[in-house]
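**Student:** One-letter residues, chain by chain:
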Amino acid sequence: MRRITLFCGHYGSGKTNIAVNYALYLRSLGHKTVIADIDIVNPYFRTKDSEGQLKAAGIRVISLPFANSNVDLPSLPSEVYSVFQNTEEYAVFDIGGDDSGAYVLGRFAPYILSGEPYDNLYVVNFHRPLTSTAEEATEVLREIEAAGHVPFTGIVNNTNLGEETAAQDILLSDGEARRLSRLTGLPLVMTSVREDLAAEVNLENVFPLKLQKKYW
Amino acid sequence: MSEKVLMKGNEAIAESAIRAGCLHYFGYPITPQTELAAYMAKRMPKIGGVFLQAESEIAAINMVYGVAATGKRVMTSSSSPGVSLKQEGISYIAGSDLPALIINVQRGGPGLGGIQPSQSDYFQATKGGGHGDYHLIVLAPDSVQEMADLTALCFDLADQYRMPAMLLADGTLGQMMEPVLLPEPSTSTVEKPWAVTGTQCKRPHNIVNSLYLKPEVLEKTNFDRFARYKQIEENEVKYESFMMEDAEYCVVAFGIAARVSKNAVIAARKEGIKVGMIRPITLWPFPKKPLREAAERVKGFLSVELSMGQMIEDVRLATDCRRPVKLCNRAGGMIVSPEEVLASIKSLGGDKS
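As you go down the protein sequences, you meet chains U and L in turn. Under my numbering, the residue at position 160 of the first sequence is numbered 160, and the numbers go up by one with no gaps. Under my numbering, the residue at position 217 of the second sequence is numbered 217, and the numbers go up by one with no gaps.
Among the hints, a few may not be true.
Stated by the list, open to error - Examples of chain U residues toward chain L, derived with CB under 8 Å:
hint, residue
1, Gly-12
2, Phe-45
3, Asp-49
4, Gln-53
5, Tyr-103
6, Leu-130
7, Ala-167
8, Leu-171
9, Asp-174
Said to hold, decoys possible - Pairwise CB distance ranges (calculated):
hint, chain 1, residue 1, chain 2, residue 2, range
10, U, Leu-172, L, Pro-45, 55 to 65 Å
11, U, Lys-210, L, Thr-221, 54 to 64 Å
12, L, Gly-111, U, Arg-107, 57 to 67 Å
Keep in mind the hints are simulated off the structure, nothing from the lab. For each residue, glycine too, the CB sits at the ideal point set by N, CA and C.
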């Protein structure tokens, strides 16, 4: 577990949910923790929606000044740089989807690459239509790397169908996740699973998730 | 793997349109519908289709007009301020009797407004929107599944009646993710003998036009068009009736407001209040008949809208104001909560007017 963890991936792959849960997990281990939402492409359903829960857990939250407002302005807060100076804090980055969301990472790539080892995890949901196979997922992964200038270090299999997810969906996707791992040479570091299904998913490194979004 | 996939509403519209045989997309990005254009940009080049980001919404709708004249399935998408810009082109398409699909993933207004969800383009969508006498077929989904299903239906109805159709969604439906079973590829075989496709020197020229030099002729095109609209009002009304069998009160809501309201209706039933909901799926043609019938039985109506109250006028017209119709609303990008709707349902009971 490295001090800086980035979550990137196709938009809608589940990055925000995982980032929020991962920050809460780091905090539960007793680490000082900060979460930075630098998603400048997604207008709704953001890390900021979970701000109350995160702050209550004692996590520092960095988010865009106009998040969840009526202003569609992709500005980044200078506070993000504190993550690279304040080295006793564990940091989780929630980054916008696809290459268009990953461009902001380029701004911080020199700091990330010149410092201590980091984790840049590629979140994939094989039930998303544009990343339904290992080949398609690789294509998106390469586009994100080219835009963000931060090489990936691992894969998170977050295959799900929202509230209709069954344990079987996740188990069946494991083969595709391993194929993606072989194609890219990146290790499969975790399989994230809605917490009520976690006991049924008999795989290595299962990471249980509390879902953050609810749509009536 | 199951057949379902997890999609954003905006993506579901795009993929469903492709499956409906739409290989021509023209648009200009605007929050909260940009994923639709982004999806088209990725998919169209892979399937031999056209994705074109025009220099403006006005350019995009006129490109739609051009392709529609050739009889090919074609669409554009935008959000409220962008759809306002498209109105001139939409009027020309309606005046030329051409099928096309326009998507409006609404945001708060008026003016530049904001990027949060809204339903305040109801008037614009259902009463014409541009200049002249015309209607659009307007369908209002309330889930990602319906975003996909109603997109396909829009194309079929537009072809069948030779007129533009609009899918009227909102930012929440565009952005939210749900499992969806995508529709099968379209097998529609509507003949389009009017299409401008080249005569091969075998038939007279087809001319697509909305200019008529003689007022008598222009009047006749209007009368003929409205005769067609009458057929649509008779044959194509769609709505969902929820817990209306024994209802004493009726909630009327569409799209995301209906989704919130359904929770409130269920909560009210648990408290012993006999309330049901009629959810218009076609906003034009508006489901007048079921509302008129409900007015025979219920004591009052509640129109739940993310606007200052627009559909409420159609509820009053459909019911000839025979029962009180109250409004429960939020505006400007705010979403009504199930608790607010429940409180409004309870207030209907206390109304003796």
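**Student:** Now tell me if each hint is right for this structure.
**Tutor:** The hints, checked one at a time:
Annotation: Gly-12(U) was flagged as interfacial toward chain L, and the flag holds, the nearest CB pair being 5 Å apart, inside 8 Å. Interface restraint check for Phe-45(U): the shortest CB-CB distance to chain L comes to about 6 Å, inside 8 Å, so the restraint holds. Nearest Cβ of chain L to the Cβ of Asp-49(U): about 12 Å, over the 8 Å cut. The hint is violated. The criterion of a C-beta within 8 Å of any C-beta in chain L is not met by Gln-53(U), whose closest approach is roughly 19 Å, and the hint is violated.
Taken as an interface hint, Tyr-103(U) does not check out: its beta carbon lies about 14 Å from the nearest beta carbon of chain L, beyond 8 Å. For Leu-130(U), the interface hint holds, the least distance from its beta-carbon to any beta-carbon of chain L being 6 Å, beneath 8 Å. Annotation: interface hint on Ala-167(U) violated; nearest CB of chain L at approximately 12 Å, more than 8 Å. The closest approach between the C-beta of Leu-171(U) and any C-beta of chain L is roughly 11 Å, which is over the 8 Å cut-off, so the hint fails.
Proximity of Asp-174(U) to chain L is violated relative to the hint, the smallest CB-CB distance being about 12 Å (cut-off 8 Å). The hinted range of 55 to 65 Å is not satisfied by Leu-172(U) and Pro-45(L), whose Cβ atoms lie roughly 30 Å apart. Restraint check, Lys-210(U) to Thr-221(L): a C-beta distance of roughly 60 Å satisfies the suggested window 54 to 64 Å. Between Gly-111(L) and Arg-107(U) the C-beta distance comes to about 32 Å, which lies outside the given range of 57 to 67 Å.
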